[in-house]
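Visitor: Those sequence lines, one after another, are chains S and Y.
Under this note's numbering, read the first sequence as residues 1 to 277, first letter to last.
Under this note's numbering, read the second sequence as residues 1 to 294, first letter to last.
Possibly wrong hints are sitting among the right ones.
To be verified - Here chain S is said to cover these stretches of chain Y; the calculated rule only asks that three of the stretch's residues, wherever they fall, bring their Cβ under 8 Å from a Cβ of chain S:
#1 55–64
#2 68–77
#3 178–190
#4 198–205
#5 232–244
#6 248–258
#7 266–273
To be verified - Distance condition first, Cα-Cα at most 27 Å in a straight line; then the derived DSSO-like pairs of lysine-lysine:
#8 S/LYS173 / Y/LYS208
#9 S/LYS262 / S/LYS249
#10 S/LYS249 / Y/LYS148
#11 S/LYS71 / S/LYS54
#12 Y/LYS153 / S/LYS173
#13 Y/LYS229 / S/LYS249
#14 S/LYS40 / S/LYS59
#15 S/LYS202 / S/LYS236
#16 Y/LYS63 / S/LYS237
#17 Y/LYS153 / S/LYS202
#18 S/LYS202 / Y/LYS63
#19 S/LYS71 / S/LYS7
#20 S/LYS249 / S/LYS237
#21 S/LYS158 / Y/LYS229
#22 Y/LYS229 / S/LYS7
#23 S/LYS54 / S/LYS43
#24 S/LYS202 / Y/LYS208
Claimed, not checked - What follows is a set of in silico ranges between Cβ atoms, one per label pair, in the way DEER data are often shown:
#25 Y/TYR270 / S/ASP265: 26 to 34 Å
#26 Y/ASN173 / S/THR185: 40 to 48 Å
#27 Y/GLY203 / S/SER47: 28 to 36 Å
#28 S/ASP38 / Y/TYR270: 33 to 41 Å
#29 S/ALA231 / Y/ALA149: 18 to 26 Å
#30 Y/THR260 / S/ASP60: 56 to 64 Å
#31 S/LYS249 / Y/PHE232: 21 to 29 Å
#32 Y/GLY206 / S/PRO254: 35 to 43 Å
#33 S/PRO254 / Y/SER178: 35 to 43 Å
#34 Y/ASN173 / S/SER209: 45 to 53 Å
#35 S/GLN225 / Y/THR260: 50 to 58 Å
#36 Y/ASP231 / S/GLY58: 39 to 47 Å
Bear in mind the hints are in silico, worked out from the structure with no lab data behind them.
All C-beta atoms, glycine included, are put in the ideal place defined by N, C-alpha and C.
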Amino acid sequence: MLARAYKVLEPYFCTYVLPSEGGHGLLATQDSWEELLDTKLPKAARSTVGANLKNKWGKDPYGTSPQEKWKQLLRHLKVKFDLPSIVDADGGDGGLFDDDDDGYDQPTAGAAVASNKRVKKTTHPNSNLDEEKQRIALWPVELVFEYTYPRLDINVSKMQNHLLKSPFCVHPKTGRVCVPIQPETVDEFDPFAVPTLAQLAKELDEYHSSTPSAVSTDGMEEEEQQQENAAIVDWKKTSLKEYFEGFEKGFLEPLQKDLRRKQRDRAEADAAIRGDF
Amino acid sequence: MGVSTMMEGPAPTSLETEAATATEAALDHNQSDESPAVVATNNNIVQHEHDSNKHVFSPELLKMYYARLFPYSFLHTWLSYNSNPSPGQKNVSGSTNSTNGNKNCKNGTISTSSQTFTRREFSFTLEPIPGEEIYIRYQSFNNEHDLKAAIVKRQPRKIDIGAVFTHPPKDKNAYPASAFHPVQRELVFDIDLTDYDGVRNCGCHGAKICPICWTFMQMACRVMHDGLKEDFGFQHIAWFYSGRRGIHAWVCDEEARALTNEARSAVANYFEVRVMSGCVYFVLYVCSCCVYCI
Chain S
1 MLARAYKVLE PYFCTYVLPS EGGHGLLATQ DSWEELLDTK LPKAARSTVG
51 ANLKNKWGKD PYGTSPQEKW KQLLRHLKVK FDLPSIVDAD GGDGGLFDDD
101 DDGYDQPTAG AAVASNKRVK KTTHPNSNLD EEKQRIALWP VELVFEYTYP
151 RLDINVSKMQ NHLLKSPFCV HPKTGRVCVP IQPETVDEFD PFAVPTLAQL
201 AKELDEYHSS TPSAVSTDGM EEEEQQQENA AIVDWKKTSL KEYFEGFEKG
251 FLEPLQKDLR RKQRDRAEAD AAIRGDF
Chain Y
1 MGVSTMMEGP APTSLETEAA TATEAALDHN QSDESPAVVA TNNNIVQHEH
51 DSNKHVFSPE LLKMYYARLF PYSFLHTWLS YNSNPSPGQK NVSGSTNSTN
101 GNKNCKNGTI STSSQTFTRR EFSFTLEPIP GEEIYIRYQS FNNEHDLKAA
151 IVKRQPRKID IGAVFTHPPK DKNAYPASAF HPVQRELVFD IDLTDYDGVR
201 NCGCHGAKIC PICWTFMQMA CRVMHDGLKE DFGFQHIAWF YSGRRGIHAW
251 VCDEEARALT NEARSAVANY FEVRVMSGCV YFVLYVCSCC VYCI
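Just chain S, same shape as in the assembly (with noise of 0.2 Å):
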């Protein structure tokens, strides 16, 4: 399940926590990406590959964007303490191996090197890490987590007895409806587009008065118009369509047909078991 949502929430990430424009700018100045460095990196890794990057990143401030930022420094951890790879939304290793060694020596079987302060780490492929490097691994994943794993009001979910607002409320602060929303396409919804109450009766106001034969010849045209209009339901006329019809395709239908073929089993069961056929 944390792999899953690694994969799904990296991307998201990338776009909307380390850049400023569009984003929380994590990675996006040097202030920021210092105090990244200085204070959430775990502290094996803060004198070697933290102290490496913020020189590297000091001298060409804005030359990498803040998604290439984060690309090296994985790459940075991955090849400094010879991690195994970290699955990126593409499933592949995401390119985490460099054929630079960015200024450090690999790692040798069996052999410790010290060069200026960096700690040579000797591993065999597939042993378990030690602890440290399990910490450092999982950083990023942390991080990530820190950043964009769903916080949920636990105290919601726990109880039958917790009542919830209804969906279709207008919520008396914004004047918004609570519209559903689907979720394969949840990148999609933007809530400012959300009908308020006051464009809700703008928008029946347009629809009425724009139906033809407001001025009819004789009663009957106008009579017919109006059966007309009725027949249709309101919401229909509104921008609650769009919403509300997302909730019979994607949600009411699917759960009535669910319903429907789990009492035809029943009543087959039922059959059965009293012989009848």
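Since the structure of chain S is already known, use the hints to place chain Y on it.
Guide: Okay, now just chain Y, sitting in the frame of chain S:
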């Protein structure tokens, strides 16, 4: 907090906290055999906000919404969990409706029946006098018609939905406390942007949101939806915008509705990842093949 369902708002001031405490105490009080009480809450805070957003929300606009746009039939069809609901059907308590297969249903089991809707609790927050909110629980309705009639009549500022009980909540006082309890309820989740204040650097906090921090809700929805479907096999998950700064999920599979409180806690805990330095070990425990599978 239990009161979170009743009062969305900025970080509670002492007035709100006081009112919240009083309301919570009153709700606890309601669990006994006393008649469902009317509870006065907020004062000044509601008045202030009432004035500032009249252009998008007003009693007149709400009246229009409840009269013409609120989809009563959706709620009725959904919450009946009956594949052949009759629109506006009358109370069929005791009747043998051919579309439900629960003639022999035992007490406490999930049943798809015309009574599922009638035994559902609704609560209303009313504001008959501006600045004075009243919260009433244990509302229940025989059918869609009665639901609409009550809402149109009462004009609730807020409507909440609770559990399906052993008996229609409006008749709660006719039964001893031991005989009146929930029997089914959707598995629900509430995700709120105020819980992300610690990581929002877009300039928003509390009730304020923007397109940048809204993306946290996209992420939460995707992870939760994937997990509920793939790890638990749930199929009928409805998501909604809360109207201001969050999203809600309603898991409506029969199995989900039957979950005990303990089971609900277990599901919620499954999704809980506490990100502290110690959590690395939690992650390792879950992914038994260590980092390789991450």
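Visitor: Decide if the proposed pair is consistent with the structure: S/LYS262 and S/LYS249, CA atoms, cutoff 27 Å inclusive.
Guide: holds, 19 Å
Visitor: Regarding the pair S/LYS202 and Y/LYS63, is the alpha-carbon distance no greater than 27 Å?
Guide: holds, 14 Å
Visitor: Are the Cα positions of S/LYS173 and Y/LYS208 separated by 27 Å at most?
Guide: holds, 11 Å
Visitor: Holds or violated: Y/LYS229 with S/LYS249, Cα cutoff 27 Å?
Guide: Roughly 18 Å between the alpha carbons, so the hint for Y/LYS229 and S/LYS249 holds.
Visitor: Regarding S/LYS249 and Y/PHE232, is the given constraint of 21 to 29 Å on their beta-carbon distance met?
Guide: holds, 23 Å
Visitor: With a Cβ-Cβ cutoff of 8 Å, does the segment 248–258 of chain Y contain at least three residues near chain S?
Guide: Coverage by chain S holds for the segment 248–258 of chain Y (4 residues, Cβ < 8 Å).
Visitor: S/LYS202 and S/LYS236: Cα distance at most 27 Å?
Guide: holds, 14 Å
Visitor: Quick check: does the Cβ-Cβ distance between Y/ASN173 and S/SER209 fall within 45 to 53 Å?
Guide: At 50 Å between Cβs, range holds.
Visitor: Assess, step by step, whether the Cα of S/LYS71 is no farther than 27 Å from the Cα of S/LYS7, and give holds or violated.
Guide: With a Cα-Cα distance of about 15 Å, the restraint between S/LYS71 and S/LYS7 holds, given a limit of 27 Å.
Visitor: CA of S/LYS249 to CA of S/LYS237, is that 27 Å or under?
Guide: It holds: about 18 Å lies between the C-alpha atoms, which stays within 27 Å.
Visitor: For the range 28 to 36 Å, tell me whether the beta carbons of Y/GLY203 and S/SER47 fit it or not.
Guide: Holds: the Cβ-Cβ distance is about 34 Å, inside 28 to 36 Å.
Visitor: Tell me if chain S covers the segment 266–273 of chain Y under the three-residue, 8 Å CB rule, please?
Guide: holds (count 7)
The structure shown violates none of the earlier numbered hints.
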